[in-house]
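> Please build the complete structure, drawing on both the sequences and the hints.
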Amino acid sequence: MIIATNILLNEIESAFPFTEMPLDTDLLFHKKDFFECNDLLADIEQYRGKEITGNAIRVIHQEMSHLSAKTWEWVLPHYLRFCFTAEAEYNRMETEFLIYSLAPSLEFQAETWQRLSLLNKNQINCLIHFLEWCSNHQYWKEYCPDEIDRGINFLRTSSFGQS
Numbered sequence: 001m002i003i004a005t006n007i008l009l010n011e012i013e014s015a016f017p018f019t020e021m022p023l024d025t026d027l028l029f030h031k032k033d034f035f036e037c038n039d040l041l042a043d044i045e046q047y048r049g050k051e052i053t054g055n056a057i058r059v060i061h062q063e064m065s066h067l068s069a070k071t072w073e074w075v076l077p078h079y080l081r082f083c084f085t086a087e088a089e090y091n092r093m094e095t096e097f098l099i100y101s102l103a104p105s106l107e108f109q110a111e112t113w114q115r116l117s118l119l120n121k122n123q124i125n126c127l128i129h130f131l132e133w134c135s136n137h138q139y140w141k142e143y144c145p146d147e148i149d150r151g152i153n154f155l156r157t158s159s160f161g162q163s
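Once you know that position 87 of the sequence shown is 87 in our numbering, the rest is easy, because the numbers rise by one and skip nothing.
None of these hints come from the bench; they were simulated from the model.
In this text the structure is predicted, and so the values were computed from the model without any measurement.
Wrong hints could be hidden among the right ones.
Dumping the calculated DSBU-like pairs for lysine-lysine here, alpha-carbon to alpha-carbon at most 35 Å [claimed, not checked]:
hint, residue 1, residue 2
1, Lys-141, Lys-50
2, Lys-121, Lys-141
3, Lys-50, Lys-121
Here it is, written out as structure tokens:
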């Protein structure tokens with residue numbers, strides 16, 4: 001399905017309202033005291049109460065698998081909107097990693113569903129539409145078509161993921 005950018009942006013605005021940043025104890029998926037996770041926690045905490053800009057997205061884009069469902073719920077409204085900025089179009093890395101995060105291999109699908117567990121039907125469908133938009137985007141359809149297809153198929157396996 002071909003989705004116009006402005007229609008998708010309106011859907012994102014509707015489906016993903018901004019939420020408050022979770023408590024620091026709720027930010028991470030893995031509750032064990034890993035050194036790397038402590039650094040990530042400190043990196044995320046610096047944005048508490050501040051505007052979430054491209055700098056914040058760059059801090060977390062490679063760490064999405066370490067973030068809790070509450071943190072995904074908080075960051076996705078910012079992250080999705082960021083993917084449509086000139087900054088994201090120039091760099092592309094953050095959008096690439098979001099695509100990868102939504103397209104887990106079989107061994108990581110259960111964990112990914114846990115991270116997506118606070119999203120509702122409209123939000124899951126919006127993520128499907130985002131990936132469908134990527135599948136028609138001049139760059140993304142050639143750069144990572146397999147991951148986009150895997151992500152769409154993965155999200156459609158939810159109890160309410162229908163496009």
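> Tell me, in ascending order, the numbers of any earlier hints that this structure violates.
none
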